[in-house]
Structure formats: C-alpha cells, structure tokens
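Both chains are given apart, each in its own frame, so use the hints to dock them into the complex.
Sequences listed follow chains A and B, in order.
Sequence positions in the first sequence follow UniProt numbering and run 1 to 120.
Sequence positions in the second sequence follow UniProt numbering and run 1 to 133.
Hints are computed from structural coordinates only; laboratory data are not their basis.
The beta carbon of each residue, even a glycine, is placed where N, CA and C say it ideally should be.
Among the hints, erroneous ones may be present.
[As the list claims (entries may be wrong)] Beta-carbon label-pair distances, calculated as ranges: (1) L10/B - Q29/A: 16 to 26 Å; (2) M70/A - N24/B: 28 to 38 Å; (3) N79/B - E108/A: 48 to 58 Å.
[As the list claims (entries may be wrong)] Simulated coverage check for chain B against chain A, where a stretch passes if three residues somewhere in it have a Cβ under 8 Å from a Cβ of chain A: (4) 8-18; (5) 40-46; (6) 59-70; (7) 103-113.
Residue strings, one per chain:
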Amino acid sequence: MNFRIPILKLRDTLIVSIQWELDDQTAIQFQEDLLNKLHETSARGVVIDLTSVDFIDSFIAKVLGDVISMSSLMGARVVITGIQPAVAITLIELGIRLEDVMTALDLENGLDKLQLELEA
Amino acid sequence: MSNQSSVEILTEWDIVAARQLGRNVAKELGFGTVDQARITTAISELARNIYLYAGQGRIEIQRLTENGVKGILIIAADNGPGIPDIRKVMEDGFSTSGGLGAGLPGVKRLMDDFRIETILGEGTDIRATKWLR
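Just chain B, with the same shape it has in the complex (with noise of 0.2 Å):
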C-alpha cells in the first residue's frame, strides 16, 4: 500500500503547507512527537533548499507498508541546476547559502534512510524515510 500526497514549492508559504502535510501523515501513521518534530523538521529542510537552490519544486510524501512495518517516505524533487559535488554538501557544516539550512547531513540523521540523485543542469531527487517502530 502506498498512498501519497504532494505540494508544490513556489514559495516560502509552500514550505509551511509542506511541512504540515507530513506532520499530519506522520501523526496518522502513529509517529510519536520527537519522530513528527524530525519528520517535520526533514521536509522544512528539504522544501527550503527546493525554495532556496532550485526556484521551485516538489515535496511528495507517501505512506510505506514494508515486511508489516509503517513508514513515510518524503521525495523532494526540482528540475533546478543539480548538485555538482555531493560529497561536499554531505559534509557537516557545508552550505553555500552563508549559514541558512543546516544543510543535507542534518536531514540524513533524523531519518533512517536517505538517497539522493542528482543531475547537473536537469535536477535533484532526494528520497528520505523514516519507519515507525
């Protein structure tokens, strides 16, 4: 079963509308409040670099079921200018921003898993997922 729901990133009110579609998809799914506040802080973040580094694009959450475990997936997708060095932005304290967005390596901690592709002058797509246990 996978169920999804997606808002589109235009502006910075699109983060808050973003970021309250996954609290109440991790709420539903049984989430308790520290893991709402990481899911919740997760999709601000992703949605923000979308604002920030692509102009626009695509926060999609889905509902997982996996072995009978629950989970939520968070996809954020842009067709912006891509990421030339990945490894430098999963790297602690890297933000070409001048200090906004914890960046990346924060996102990847309070979820359990995280991948990212991205395409230099086609996009990013980062999928990251959180299992309720």
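Chain A on its own, in the form it takes in the complex (with noise of 0.2 Å):
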C-alpha cells in the first residue's frame, strides 16, 4: 500500500516529479528514498518538479524544506521547479516562505541552474 515517488538519475542529478497528491507516510518515505539514493548514486544535484502539484500544506512544505536542509548536509543542491501559481499564492498567505531554497520556473530551467550552480 505504501507507494513510492519514483527518483530517476541522469548523469550527477537526481530527477523526482511529484505528480500525486502527497499524503504523510509518502512524504516521509520519499524524504528517505532521495537522500539513500543521493548516497547510492554519489549524485551532487537534485531537481524536484512541482508541475502537477495543486497545493502544498505546511506539512509538505517542511518535508520539502527539511529535505533541502538534508540534501545539502550531504554535499548536493536542491532545485524545486514548476512551482504553480495557486501553491505560490497559497504558500505565501499560509506565512511559508521557503528561504534559501534555490527555484525555477520549469524543469529546463531548473536543470540549467543546477549546472550552473555544480560548475561554480
């Protein structure tokens, strides 16, 4: 029962798009997925897309948040793209501000930052 968010690898960067609606026990396992799989893959970037995501409560937020602060204690950089509009707008009256997390418009973009960011 307990589903998993698939994490992909291309070349040093983890790939993950989040495309359901995240419950508590999916969030918290995929908190563990990403940073076993950093360790597997040596991987010094992650990219997490949040295109298909219509809302994001203060409890994904932390696990988000949480899982930056723990990607980055491991030596990698998080990249969240495709945050939507509503999630923007939501986020922000909710009194989250995801601060010092590096951003993108879309997944190209993300993935162009990351580089950019690996290489200086």
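Written out as structure tokens, the structure is:
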C-alpha cells in the first residue's frame, strides 16, 4: 500500500517529479528514499518538479524544506521547479517562506540553474 | 440551501480525505484554481490541528448561499483540550508543535471569514468561510 515516488538519475543529477497528492507517509518515505539515492549514486544535484502539485500545506512544505537541508548536509544542491501560481499564492498567504531555496520556472530552467551552480 | 458532508479525523489518512472532499465541493461550486488551493490548504491545516492537538474530531464542509452568493463553510470541531490562550495562537509564528503547522493566522488569511470558539477541557469549534466572487 506504501506508494513510492520514483527518483530518476541523469548523469550527476537526481530528478523527481511529484505527480500525486502527497499524504504524510508518502512524503516521509520520499525524504528517506531521496537521501538513500543520493548516498548510493553520489549525485551532486537534485531537481524536484512540482508542476503537477496543486496545493502545498505546511506539512508538505516542512518535508520539502527538511529534505533540502538534509541533501545539503550530504553535499548536494536541490532546485525546486514548476511551482504553480496557486501554490505560490497560498504558501505566502499561509505564512510559509521557503528561504534560501533555489527555484526555477520549469524543469529545463532548473537543470540549467543546477548545472551553473555545480560548475561554480 | 445548505448542503453538508463531513469526515471524521482519526488518522493522518483522514486529513487527505477531508481536503479531497473540500476540494471537490470547491470545484463543484465553481471556485477557481487559486481559491481551490486556498480552501484545500485551509482544510488540511485545520484537519492536521485536530489530529495533532485533539487526537480526533471532525471536518464538515457546507455549501452556502447568502443573498444569491455562493460560498463554502469549513467547520473543524473537536472535543480536545481546547486552546488556553487564543490571542497567542492567533499571533503569527506561534506554534506549539515545533514548527509543524503554519497555524491559525495562516488559515485566517486564506479564507474570507474566520471564527473560533474554544472551551478549556471541552473542545474547539472553528468556522472558516470563503465566498465565490
């Protein structure tokens, strides 16, 4: 019953596209899976694409924020891409600031940004 | 006309069920994607508060019509410990659960109308409304 979010590896980057409504268990499982995958693959960057996510509550925001900090502890950079207008509006109104988080409009821009960051 | 439906909040899965119910009703009423996200998020926060602080309770979704304007009413009710200091929980940045839950001020901002009644030892009743413009 435990659903897992697929994590793809492309060269030195992990790519995740979240396309389902995240329940608590799936979100926490994703956190663990992503960190394990970073460890296994020695990837240096992660792109988490949220194009298909239509709302983010404080719990999902916390899980995302935590996974970014955890990845950073392991030496990897994370870019969040594809945040929908409705999601951006509700996150700010709710009072959640994802500070110091690298973001990009879409997956393509996110990969470019990550590449620049990793080369720097 | 007031058409209602509700979800009992006992486990974290019920938080998902409550927000799905709310989103479906919001969609049916004709709310746009931004308001749907506001309503879904508000329900998720209120349901999580019940789960975290009261252990169990209920989210009720009502369709409203007032002077020809449609709206959605979220009722979050529990028989939990109640809130000792409402003024404090309505301050931005105050959360007793270690950062989890942006709290009630966030929910208030997402909705048009927000009312809270709480009695220590008896429970809390929160009503939040969004009108269709």
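Consistency of the hints with the structure:
Evaluation of the 16 to 26 Å hint for L10/B and Q29/A yields a pass: the beta carbon distance comes to about 21 Å. For the pair M70/A and N24/B, the beta carbons lie near 34 Å from each other, so the given range of 28 to 38 Å is met. Between N79/B and E108/A the beta carbon distance is about 51 Å. The supplied range of 48 to 58 Å therefore holds. Counting residues of the stretch 8-18 of chain B whose CB lies closer than 8 Å to any CB of chain A gives 4, so the stated coverage by that chain holds, three being the minimum.
With a threshold of 8 Å between beta carbons, the proposed coverage of the stretch 40-46 of chain B by chain A holds, since 4 of its residues qualify and at least three are required. Closer than 8 Å: that is the beta-carbon criterion, and the stretch 59-70 of chain B has 0 residues meeting it against chain A, so the requirement of 3 is violated. Counting residues of the stretch 103-113 of chain B whose CB lies closer than 8 Å to any CB of chain A gives 6, so the stated coverage by that chain holds, three being the minimum.
Consistency note: the structure conflicts with earlier hint 6 alone.
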